[in-house]
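Chemist: Each chain is listed here by its residues.
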Amino acid sequence: MNRDEALVLIKDVLTDAVPGADAAALPQDENFRDSLEMDSLDFLNFIEALSGRTGLALPETDYPALNTLDGCADYVASHTSVK
Amino acid sequence: MADFTMPSLGADMDEGTLVEWLVGPGDTVTKGDVVAVVETAKSTIEVECFDSGTVGALLVDPGTTVPVGTRMAVINTGTEPPAAVPAPAPAPAKQPTAPASELRAATGSTTTAAGDTVSSPLVRHLAEQKGIDLSSVHGSGKGGRITRSDVEHAPTEGPHRVKASPLARRLARSAGVDLGALRGTGQGGTIRADDVRAATAGPPAHAVQSEPARPSSATAEPAAPARAAISALMSRANREIPHYYLSTKIDLAVAMAWMRDRNASRPVAERFVPAALLLKSVALAARQVPELNGYWKDGAFVPSHTLRLGVAVSLRGGGLVAPALTDADTMPLPELMATLKGLVSRARGGRLRASETADPTLTVTNLGDQGVEAVFGVIYPPQVALVGLGRVIEQPVAVNGMLTVHPTVTATLCADHRASDGATGARFLTSIDRLLQRPEEL
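Note that the protein sequences, when read in sequence, are chains A and B.
Our numbering puts the last residue of the first sequence at 85; the count rises by one with no breaks.
Our numbering puts the last residue of the second sequence at 967; the count rises by one with no breaks.
Treat the hints with care, since some could be wrong.
[Unchecked claim] Some, not all, of what chain B presents toward chain A, calculated at C-beta under 7 Å: (1) N788; (2) R791; (3) L840; (4) L845; (5) K866; (6) G867; (7) V869.
[Stated by the list, open to error] Here are the in silico distance ranges between beta carbons for each label pair: (8) B:D786 - A:N33: 22 to 32 Å; (9) A:S37 - B:A778: 56 to 66 Å; (10) A:D72 - B:Y769: 43 to 53 Å.
In short, the hints are calculated from the structure, not lab data.
All C-beta atoms, glycine included, are put in the ideal place defined by N, C-alpha and C.
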């Protein structure tokens, strides 16, 4: 998956995990846990859906890299094989 | 024969709007089946049936608001011959219930039974003529009754009254959506919360979260139904309950290390969050200190033999609900975690089950990751205690005479001094601390 594809998928997952969130309007370098007021359960829902869609394990130690759209896109792109 | 009545879905609920029936006359139902969807001022709730049998007459039409206790349907349980004509409904205390025939007659009209408790037929008629939603009118009469003058001075919503449920109105107000511009998918074109959500699915998240600018007119906008419900219950709590407050800081180094280790080897779906460990330890502590688990009723403390841990969940767009984690003390941690996830997502998605809102025996307010260090709450009557859990934060702590930094949480207790004393409360908070030092036993 390339970075652009990853970004589309991540925004999609985020919109599902946080009802009412508009991922398209979210600055890509902003911590979305803060801006969307996500609590740990919301974030876990997001991680769970992202893991389901990408097949990645997403260990807890990597959570800090997954707080922003940019961070997620980089992470997903670098952890999935480029098709 | 049994009655299916409008249930009380929380201590602060007086009335509810039937959104839809999921069964029809002649359907066979089993105890626990979801038979109806009800909207309260705060949320949409799926209501289960308490009896098994065959559905008889449906006495209330979708879109109708009725007081708690109103007969909504007859269930033929087979224990006695089904009566051809249902007997008149027993009137719930202080709230006269309209006979079934009257409710039937309300079909298609915009008059709802909600007005029965707050205004006279004359006032209702006037409100309808003027297109005013009575639920948004502040009653200045005796006992909060809406008077003719209240209606005459109320701001009108438009040339004709839009049919919409209370939750839909609240959502529309907070999102700045014009109800008149929406098409309702409910019975008779009633606008449901989902219709408003669909209409607001596009705008930026920031716009949804921030309150729309209020016009600075002299007449303040009446509080949204959810705020009014919270306000009534919390005012009563602060008026009637002599609260005492305790606070303690708990070192979570052991618990968090244990959780991290455990989560490392698990797929995302089986991972825990700190809240699960904290709630489980609160539940176990409540078992050890039963003086805090129960109700204050008729001037005495009545301990509860079961533990239904209320979990205060803040809703997007404001307000909160406190659904209950039943048997949180005996439930294994993985199950508690799964139940908690379901409970919170259903609360936020507006689809709680009635059994999940059954009055909790002790409530926990957890302001979570975005919250503050410590929270001192207000007890939900008739409960006698409220546990507050702050955010888990890295803080300096002294360990073996050395200063170090550990994840910590501040646990607080607000308790009813009529039911317990500070020493009891202290024992409870100490129990929580002790339990969290042995997370593998939770």
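Chemist: Determine for every hint whether it applies to the structure shown.
Modeler: We went through each hint and held it up to the structure:
1. N788: Holds. Min distance 5 Å.
2. R791: violated, 9 Å
3. L840: violated, 10 Å
4. L845: Result: violated, 13 Å to nearest chain A Cβ.
5. K866: For K866 (chain B), the interface hint holds, since the closest Cβ of chain A sits about 6 Å away, which is under 7 Å.
6. G867: violated, 10 Å
7. V869: holds, 5 Å
8. B:D786 - A:N33: 22 to 32 Å: Since D786 (chain B) and N33 (chain A) have Cβ atoms about 26 Å apart, the given range 22 to 32 Å holds.
9. A:S37 - B:A778: 56 to 66 Å: violated, 30 Å
10. A:D72 - B:Y769: 43 to 53 Å: holds, 49 Å
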